[in-house]
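Protein chains: 4
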Amino acid sequence: MKNTFGSSVALTIFGESHGQAIGAVLDGLASGIPIDENFIEKQMNLRRAVGKLSTARQEADKVKILSGVFNGKTTGTPITFMIENQDTRSRDYGELAYKARPAHADFPAQMKYHGFQDFRGGGHFSGRITAGIVAAGAVAINALACKGIKIGTHILSCGGVYDRNFIDIENDIDTLNNLDFAVLDTDKAEEMKSVISSAKSEGDSVGGRLETAVVGFPAGVGEPWFDTLEGVLSHALFSIPAVKGVEFGSGFACADKKGSENNDAYFSENGRVFTETNNAGGIIGGISNGMPIVFRCAVKPTPSIYKTQQTIDLNTFEETSLQIQGRHDPAIIHRARVVADSITALVLCDQLALRYGTDWLA
Amino acid sequence: MKNTFGSSVALTIFGESHGQAIGAVLDGLASGIPIDENFIEKQMNLRRAVGKLSTARQEADKVKILSGVFNGKTTGTPITFMIENQDTRSRDYGELAYKARPAHADFPAQMKYHGFQDFRGGGHFSGRITAGIVAAGAVAINALACKGIKIGTHILSCGGVYDRNFIDIENDIDTLNNLDFAVLDTDKAEEMKSVISSAKSEGDSVGGRLETAVVGFPAGVGEPWFDTLEGVLSHALFSIPAVKGVEFGSGFACADKKGSENNDAYFSENGRVFTETNNAGGIIGGISNGMPIVFRCAVKPTPSIYKTQQTIDLNTFEETSLQIQGRHDPAIIHRARVVADSITALVLCDQLALRYGTDWLA
Amino acid sequence: MKNTFGSSVALTIFGESHGQAIGAVLDGLASGIPIDENFIEKQMNLRRAVGKLSTARQEADKVKILSGVFNGKTTGTPITFMIENQDTRSRDYGELAYKARPAHADFPAQMKYHGFQDFRGGGHFSGRITAGIVAAGAVAINALACKGIKIGTHILSCGGVYDRNFIDIENDIDTLNNLDFAVLDTDKAEEMKSVISSAKSEGDSVGGRLETAVVGFPAGVGEPWFDTLEGVLSHALFSIPAVKGVEFGSGFACADKKGSENNDAYFSENGRVFTETNNAGGIIGGISNGMPIVFRCAVKPTPSIYKTQQTIDLNTFEETSLQIQGRHDPAIIHRARVVADSITALVLCDQLALRYGTDWLA
Amino acid sequence: MKNTFGSSVALTIFGESHGQAIGAVLDGLASGIPIDENFIEKQMNLRRAVGKLSTARQEADKVKILSGVFNGKTTGTPITFMIENQDTRSRDYGELAYKARPAHADFPAQMKYHGFQDFRGGGHFSGRITAGIVAAGAVAINALACKGIKIGTHILSCGGVYDRNFIDIENDIDTLNNLDFAVLDTDKAEEMKSVISSAKSEGDSVGGRLETAVVGFPAGVGEPWFDTLEGVLSHALFSIPAVKGVEFGSGFACADKKGSENNDAYFSENGRVFTETNNAGGIIGGISNGMPIVFRCAVKPTPSIYKTQQTIDLNTFEETSLQIQGRHDPAIIHRARVVADSITALVLCDQLALRYGTDWLA
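Residue numbers (this note's numbering), protein chains in the order written: chain A, 1 to 362; chain B, 1 to 362; chain C, 1 to 362; chain D, 1 to 362.
Since the hints were derived computationally from the structure, they do not count as laboratory data. Heads up, some of the hints might be wrong.
No copy labels: a pair is met if it fits in one copy or bridges any two.
[Stated by the list, open to error] Capping the alpha-carbon separation at 27 Å, the derived lysine-lysine pairs in DSSO-like fashion look like this:
hint, residue 1, residue 2
1, 258, 188
2, 42, 258
3, 147, 200
4, 257, 200
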């Protein structure tokens, strides 16, 4: 299974950056979920993040729903989202057609697809393919909301500038979901933007960390081995282009803690069980414990930079140098954030359907 | 798919800590691979790691191969590894039968299995279940070795003490695979051991970081989305009990770098392509680029500690306190290392079989 | 996995009869396969089978390829086929909106989708959805042809009239693939057509048997258990709407034979192994033996008939009667034949990719 | 996935006829199901069917449960069934080691496993491997019984002798489940036995048809495409060694019927919906309609016969002849019947878990 992910609720994605269209097929979601086209559009806009920090193509990213919706509600059969590419004119790609851009997939793609891959604009490797994930994710986010489950992601760090941590998670999620630039501390948001602008003016780029939280997710979902909640979530999260690390709860920092510091003590209130701290990030033994699910993704700096780079010719493997032209994103982390929310929602819908059946929303 | 992982080469695991037996079924490996029972035993011993740093049960962990091997070679049909539990006598588990141990899976297990789970010694959640993974992994490691692919893991940090980084990776792997306590810098090994001993004497525990490297893996294996090499590896690695983070290449540190620092410049030598640095950890766009695959896992401190902890009763959810008795491991990272190697080998065998077919070893 | 089938080569289908569009995403096919749009169109026309025996909608069924093809060849990434529905105007479905048509999926759909399903024209259950399978199948058929593998299906029986059996299978396949009405014996073709016409004039319908043969498929592909070639093929073939039985080789007739009659004796010629008879239908122990793969599908008579039928109201479950109006197909077997070829091709591409790797075509 | 079948409830099988042990791992079944070891033993005995009609090895087929059961109930984690082979002494297999037995898997196995397969007694292809399926199936049958779902299979025909059809299905199932030789009409049972005895005395063998019925299965389970109930059931049923055809409801006979004859009219009683006839075999559009699920499997005559047969040498492919010695089964259909029940139960448990969640039994 290559471009399909999920078991009971599964997403299939398709498309190339400069092909006819990109999109996704979302299968297995329960019938009867209302489709909120405004919310889909809002999420699509967060991903496009048009503005001076991004050089997204000025395309409307209009989502057409081809199937699976009837009278404004899901039918229970595959929902197909299509976004037509408007900017697909043939042009001269020059040396980008045969020189491997460092940190881009050009070289491994050549080794896998033997030169038949569509190289234009990154082809099937383009971050643009996440548009289909975001469209499908919007429906998944709405489905979870019907069960009181909320997801939010903030830019924990960008170019070395750190946002504050989650405090009151549910409130913080609500705040984030109303922000275009998802940073909880307004001052830090401005600092990050200025770091991104400087990188841009230097022809360079910056990376960062995303932190995602989920509240309202029930205890007892997940598996002890292999399909641990961490395993399944990370599997999907590493599809976000540029993600190179995923950690849950106290994450890598737990490695330097003592057991007595890292163990989360239990307490109960009104018949519900909680932990005093949440170093586990809501998951123990691969299974949810009812506390907020919290994880972080490391996002590498955008590989497209203006500086001259040493590389090889894709056909001859001879050494050469490359100086990328044209527009590029000095950062993608503010755009990746909605992709993290979307993938999380899709994975959690699948987990709930596996645990509670295909009518889990009823 | 719960206790089964992999597609063309798949592993199914079973067992409980104090049940009749634990084990694994390894399916889809090519026929004709020699089975080296000494190597299996060596790997099993690394996992047991009997000594004063561990309190592993003094069981021989004798692996019986029930199927899939004929005349000392794999037949191509499922290979079943069984390790009988010797220490399965009924005894009084006292409060452990109904009190949730913090940072153990007791509470989420209760929510998932409704009290029918085998709680003795952690049951199916026990680290002991990794014995089956290690037995199967030994065969996978040997299979990869036939193609010149080597895997090694060192304890990058333990209780705040750091080993040196990989330098000459292939040599370092050879060194590691001859060490019981997998640390490249001998002085640091001693320091780590003494940190573990102190934790033990305090009734506490420590965590750490594992760093794994793979050399000889071909370029062009993996998928751009969902089944990215990072995604598939992390999915499996989060099954190692106590792992709470996985990062590839420069990992979380890439978040603070500029593109010009993190991009790996290409060069070629004798018709093969290399990168100057390996911030990508051997994987770009989800696909191997022929450089060493390098990743790190965060291992949380062992949850079993002697200190009194606040918790809840599993049946009534009422608050109570718990003071764990008996032997416990003050650290598991030195034992987890061979599990990391094993899981990595199993995932890579699957990836190679998917890419090159079931006779990929021929 | 619901609307996705296959492992290394996988097909995802979507759409409803009167929705915006129907289609399919074909993932995992090797890169570099030439796309023959004329052949796709030819196959689409076989499925539409416009003429007096069918009442197919007079739609062009124009296939748009949205992704996965670049410079006329497959890229190795998902190929998306979209067929826009032209006839999607809102209209009054009258009693069809709430009365269960016997032998149609209306009632089970109601029990599964709780009334949210798109009932118009059968919605996602419509035979029209096979158009996406046929488009994708055309590419798979071409891929197999590059390796000398040919597939052909004839109408073995229709309304009680039987075609002759396969004689020289490869020649027969070539003949069939040039026929609109796939019957080897021309006289029998005419008889079948007249049986269909009579059924039509009576407001009734007829069923039949399809027989498919594959030549050139290598020995040693398939699995002994579960993913037997028979198991995987039948799994997919039962997706052809109206198929209620699948048999391989001598099939159900083998039940009345003696072992001495049914066993296929081996012989060899120029270092290749053959069997004198082919009661096995090319598959023994779940694995191909290099002989032609031969199987038959039972196709039930089209459920839409003009006669008044007893049924229930989908909402109240009260008994009522129904008299279906409008156009209907008195037989679909002549149209289903190209679906059988397509599904067979898709399954076999997947099997070859699993066995020989993703570059199996090279 | 080769020796693993199922999604939420999955079975993995292992072993060779003359290896150390055979068995199965059943994963995903809900916790809390009582394990009835007597029923497991009863089912194992039905499969062994020791008597003058069979030449089953005189082994006790004692099932050891290695994991997944605690205090007599399922824990929710993998249940491992192991049956040790007692008769595994080394002996001289003579020409069976290198001559392909017609209609056995020897030749395709050679093409797939390159001579490394365990050829002794059929190795992994042996019907003996079904013992693991039957052990696991017994637990699945019990689980379904908790929800009022019953399964029964009779020998519809054997060597040309036909049993009567199902009349009162639930009663017939109860009757069958108390019979060693599962034939509803006692006279026909005697006739079948005598046909089998004659075949034996001629050194020949006979095949037959199995007919399975399931009552109590709810409406609304299954999928419209690919994972149709027919597709999933047939996929698994073709794993029963010797099965060459599967048909549902009126099956192949529907091909000769008119729509007006084959459509099942609906009626309702006390708010439940039924059909007057059951030509659909309980499945329409891939989804259950609440009527009994009914299907038939064609079982080919046992390939091992005493007559001299023409074959090839597995290594040289040169022609030779073979005369099989020793004990053999002149029929296996009376033993295959419990395998059909077992596979059906496992598939249906999986379907119910997918539809209603992992606690579907609660």
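Are the CA atoms of residue 258 and residue 188 at most 27 Å apart within a copy, between copies, both, or neither? Between copies, since 19 Å is at most 27 Å while 31 Å is not.
Which holds for residue 147 with residue 200 at a C-alpha limit of 27 Å: within a copy, between copies, both or neither? neither (42 Å within a copy, 45 Å between copies)
At 27 Å max between alpha carbons, let me know whether residue 257 reaches residue 200 within a copy, between copies, both or neither. For residue 257 and residue 200, only the inter-copy Cα distance (14 Å) is at most 27 Å; the intra-copy one is 38 Å.
Check residue 42 against residue 258 for me: Cα-Cα at most 27 Å, and say if that holds within a copy, between copies, both or neither. neither (44 Å within a copy, 30 Å between copies)
Of the numbered hints listed earlier, those contradicted by the structure are 2, 3.
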